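Visitor: Okay, here's what each chain looks like letter by letter:
There are 2 protein chains.
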Amino acid sequence: MKAAILTVGTEILFGEITNTNTVYLSRRLNDIGIDVMYHYTVGDNPQRLAEMIETSLRDCDIVITTGGLGPTQDDMTKEIACQVMGDHLVMHDDILEFIKNRMLSYKAVMTENNVKQALLPSRCRVFYNDAGTAPGFALARPWNGSESDTAEADRMQWIACLPGPPKEMTRMFERSAMPWLEELTEGCLFYKEIRTFGIGESDLETKLLPVINGQTDPTIATYAKDGECSVRVASKRKTREEAETAVCEMIKRVEEYVGEFIYSTEGEDYPSVVGNKLMSSNLTISAAESCTGGLFGAALTDIPGISSVFDRSLVTYSNQAKVDELGVRLETLEKYGAVSEQTALEMAEGVRQKAGTDIGISVTGIAGPDGGTDEKPVGLVYIGLSLGEKCGGRCLCRKIDRRLKDRQRNRRHAVLSMFDMIYRNI
Amino acid sequence: MKAAILTVGTEILFGEITNTNTVYLSRRLNDIGIDVMYHYTVGDNPQRLAEMIETSLRDCDIVITTGGLGPTQDDMTKEIACQVMGDHLVMHDDILEFIKNRMLSYKAVMTENNVKQALLPSRCRVFYNDAGTAPGFALARPWNGSESDTAEADRMQWIACLPGPPKEMTRMFERSAMPWLEELTEGCLFYKEIRTFGIGESDLETKLLPVINGQTDPTIATYAKDGECSVRVASKRKTREEAETAVCEMIKRVEEYVGEFIYSTEGEDYPSVVGNKLMSSNLTISAAESCTGGLFGAALTDIPGISSVFDRSLVTYSNQAKVDELGVRLETLEKYGAVSEQTALEMAEGVRQKAGTDIGISVTGIAGPDGGTDEKPVGLVYIGLSLGEKCGGRCLCRKIDRRLKDRQRNRRHAVLSMFDMIYRNI
Numbered sequence: 114m115k116a117a118i119l120t121v122g123t124e125i126l127f128g129e130i131t132n133t134n135t136v137y138l139s140r141r142l143n144d145i146g147i148d149v150m151y152h153y154t155v156g157d158n159p160q161r162l163a164e165m166i167e168t169s170l171r172d173c174d175i176v177i178t179t180g181g182l183g184p185t186q187d188d189m190t191k192e193i194a195c196q197v198m199g200d201h202l203v204m205h206d207d208i209l210e211f212i213k214n215r216m217l218s219y220k221a222v223m224t225e226n227n228v229k230q231a232l233l234p235s236r237c238r239v240f241y242n243d244a245g246t247a248p249g250f251a252l253a254r255p256w257n258g259s260e261s262d263t264a265e266a267d268r269m270q271w272i273a274c275l276p277g278p279p280k281e282m283t284r285m286f287e288r289s290a291m292p293w294l295e296e297l298t299e300g301c302l303f304y305k306e307i308r309t310f311g312i313g314e315s316d317l318e319t320k321l322l323p324v325i326n327g328q329t330d331p332t333i334a335t336y337a338k339d340g341e342c343s344v345r346v347a348s349k350r351k352t353r354e355e356a357e358t359a360v361c362e363m364i365k366r367v368e369e370y371v372g373e374f375i376y377s378t379e380g381e382d383y384p385s386v387v388g389n390k391l392m393s394s395n396l397t398i399s400a401a402e403s404c405t406g407g408l409f410g411a412a413l414t415d416i417p418g419i420s421s422v423f424d425r426s427l428v429t430y431s432n433q434a435k436v437d438e439l440g441v442r443l444e445t446l447e448k449y450g451a452v453s454e455q456t457a458l459e460m461a462e463g464v465r466q467k468a469g470t471d472i473g474i475s476v477t478g479i480a481g482p483d484g485g486t487d488e489k490p491v492g493l494v495y496i497g498l499s500l501g502e503k504c505g506g507r508c509l510c511r512k513i514d515r516r517l518k519d520r521q522r523n524r525r526h527a528v529l530s531m532f533d534m535i536y537r538n539i
Numbered sequence: 114m115k116a117a118i119l120t121v122g123t124e125i126l127f128g129e130i131t132n133t134n135t136v137y138l139s140r141r142l143n144d145i146g147i148d149v150m151y152h153y154t155v156g157d158n159p160q161r162l163a164e165m166i167e168t169s170l171r172d173c174d175i176v177i178t179t180g181g182l183g184p185t186q187d188d189m190t191k192e193i194a195c196q197v198m199g200d201h202l203v204m205h206d207d208i209l210e211f212i213k214n215r216m217l218s219y220k221a222v223m224t225e226n227n228v229k230q231a232l233l234p235s236r237c238r239v240f241y242n243d244a245g246t247a248p249g250f251a252l253a254r255p256w257n258g259s260e261s262d263t264a265e266a267d268r269m270q271w272i273a274c275l276p277g278p279p280k281e282m283t284r285m286f287e288r289s290a291m292p293w294l295e296e297l298t299e300g301c302l303f304y305k306e307i308r309t310f311g312i313g314e315s316d317l318e319t320k321l322l323p324v325i326n327g328q329t330d331p332t333i334a335t336y337a338k339d340g341e342c343s344v345r346v347a348s349k350r351k352t353r354e355e356a357e358t359a360v361c362e363m364i365k366r367v368e369e370y371v372g373e374f375i376y377s378t379e380g381e382d383y384p385s386v387v388g389n390k391l392m393s394s395n396l397t398i399s400a401a402e403s404c405t406g407g408l409f410g411a412a413l414t415d416i417p418g419i420s421s422v423f424d425r426s427l428v429t430y431s432n433q434a435k436v437d438e439l440g441v442r443l444e445t446l447e448k449y450g451a452v453s454e455q456t457a458l459e460m461a462e463g464v465r466q467k468a469g470t471d472i473g474i475s476v477t478g479i480a481g482p483d484g485g486t487d488e489k490p491v492g493l494v495y496i497g498l499s500l501g502e503k504c505g506g507r508c509l510c511r512k513i514d515r516r517l518k519d520r521q522r523n524r525r526h527a528v529l530s531m532f533d534m535i536y537r538n539i
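In order, the protein sequence lines correspond to chains A and B. For the first sequence, position 161 matches number 274 in the numbering used here, and the numbering has no gaps at all. For the second sequence, position 323 matches number 436 in the numbering used here, and the numbering has no gaps at all.
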């Protein structure tokens, strides 16, 4: 099956908004084995919108639109969809009731415009909106592409119209549009995202070649983002259980090849994985940061409830702060420098002792873009880990030497390495 | 003038990459008064690419493509552009020389594929690539839209082909494509971005209505992003000087209406504005963070060289840490709670005294989504500011009560408020 994704909205053409809906829909359609052939964006203009739907349906089975379902004059996707697909709008009483209740829960007044939102094509499949008022829908017509032959007389093609706000769109897609697509494609889809750290995308792909090659279901795709790589494993089978079993079996195979780099097979990010592990094991933690400036603490405290195990992070940017706050010895700083294994270890040990936590983690490095020397180049980072008795009572240090000038990437990588260091040692 | 933006690349259709190029180009074309009518994305398929270029040129004067200029088999934008525009590829010796030098500087071997990159349409305008090897170009043909009349016999239409990697694309656009578009549209473009904090987008727009209404040049557009709003002022005039003068005069008018919310008229973000102000005034700073978990220090240390004024940030998540590290009094915590004006002030004063800096800033609040009470709801944040003698020797506190459950947005807003608090008081 072939699909086009059509975004409706002048604000997208102005560049006011990044089109994240299209990325989301592309992935989900690919997951289920539907080939995305085109992305289109048009403004709130009836003629161009109608043309684009027709263009999409020339060689696609499905066109999915986002946007233009709101209650204002600009919003015309429903009308144009009817025009192209040969249908007309009628009042759907159940939807009207739904919208009334929704407005009531918002404590908002029901306007004439809201009533209009209950007008939908007469023979459509309705998608309820859990996060807003505008319902979506899917509507079919017989295939009328120019290349259709007699054998295709029964073939249908569809338009599915979803709202523009990403929160509403994704919820409606997952709860209503996806089950409809699963019916259409006669299969159930299940996927998981494996997250890795410490391996590049091309390396990962090479190591996984024996698994990827010739593999049609489950599909395996690698993605690189923000210094990490993830592997998406998706399967489409007759039942959800079969698809889930196939995905889980494939994940086991992936683990055989690259298990040492995996930290989650449930799509969680590193701060969540480590934070949850600390909370469930009731291990307390404190941090001493230099080059990351607070990014580690910021990432960890993104997790609600982390206050039960996270005590403090001391961002000691100056040498004086390292001495004052962490008890790093002046002679260590003088002899080895602030960016050294010795300083990292004293920082980790210092903060753990001071805070009385089970774990102390530290980082010191040269984030760049300037400030490096031949001996200590930009990108050099040391991570110290001090483990109290409950965790085996030892101190470790990891050296990272990436020779990369990019300050942001060096800092982000250092933070991920801190989480990795904790994850691999507790 | 009307334009379409055409993205070439199967990886976009797979949803592997977010299409940021299109957002960028849309804004820049709007700046210069070119109406963007369509966004299209197609895969690396010659027939569909040719069709999409033809579709774009049916009612647009310009189609700008990104992607498909690389050295591999997949890359076919040049060939297809020639086919549609009625030209053929020839070897450009100056480009060949340029690519050779580029490869030399990369210490990379020049391959047959790299040689092919010097093949460009015979009558194109070449755009050099400062950040990669693939050159871009612009190519014209007589207007052949179906609606053209005799008066339009001389009218031309264009394709401009730019590389896909955003870094290469944006540089090439600014240095080569923009001057070409300025020639085409017979004008020079100048724009500035005004950044504000503490006002919502609809409020901002309402306050600016007297300036925006009926305004055609300079154009004024508001954008909301990450808890802030910015105002983009763009002018297109005969010379760059005229455009710059018009923009600067308009900025003065904008300042009359919303000056109190503006912190930059040069498009800089708040951490940079505050960081640079601290560095140029040689004012040292330390911070005490609670609910932001390190985000303030992380934002400030994103600025290279900030170590000359930033000493430390103490992320005191637990009450014990607030007592240990900042000398907050137990009775203050017991009587007023950790989230209170009194605690915020003691935190700011405590860290400033301890670090011996000119400025001490603190934050304590309930980021959510849970943990609020009727008296102290989620979203309640106090920011403390302690100023040493050099800054007038006083202490201030700001209370923020947003009643918002979103943890990330509350944290981000708290950090921006800290920068705002410093900016407005030094």
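It is worth saying that the hints were derived from the structure and are not from the lab. Quantities reported herein were computed from a predicted structural model and do not represent experimental measurements. Be aware that a few hints might be false.
Repeated chains share a single entry, so a pair holds when one copy, or any two copies, can fit it.
Derived lysine to aspartate or glutamate pairs resembling DMTMM-like cross-links, with alpha carbons at most 25 angstroms apart [claimed, not checked]:
1. LYS280 to GLU192
2. LYS280 to GLU314
3. LYS365 to GLU129
4. LYS280 to ASP339
5. LYS512 to ASP382
6. LYS280 to ASP519
7. LYS115 to GLU368
8. LYS320 to GLU379
9. LYS467 to GLU444
10. LYS280 to GLU129
11. LYS320 to GLU357
12. LYS115 to GLU167
13. LYS390 to GLU502
14. LYS220 to ASP487
15. LYS115 to GLU299
16. LYS467 to GLU368
17. LYS338 to ASP415
Visitor: Which hint numbers doesn't this structure obey?
Guide: When the structure is compared with the hints, numbers 7, 16 turn out to be violated.
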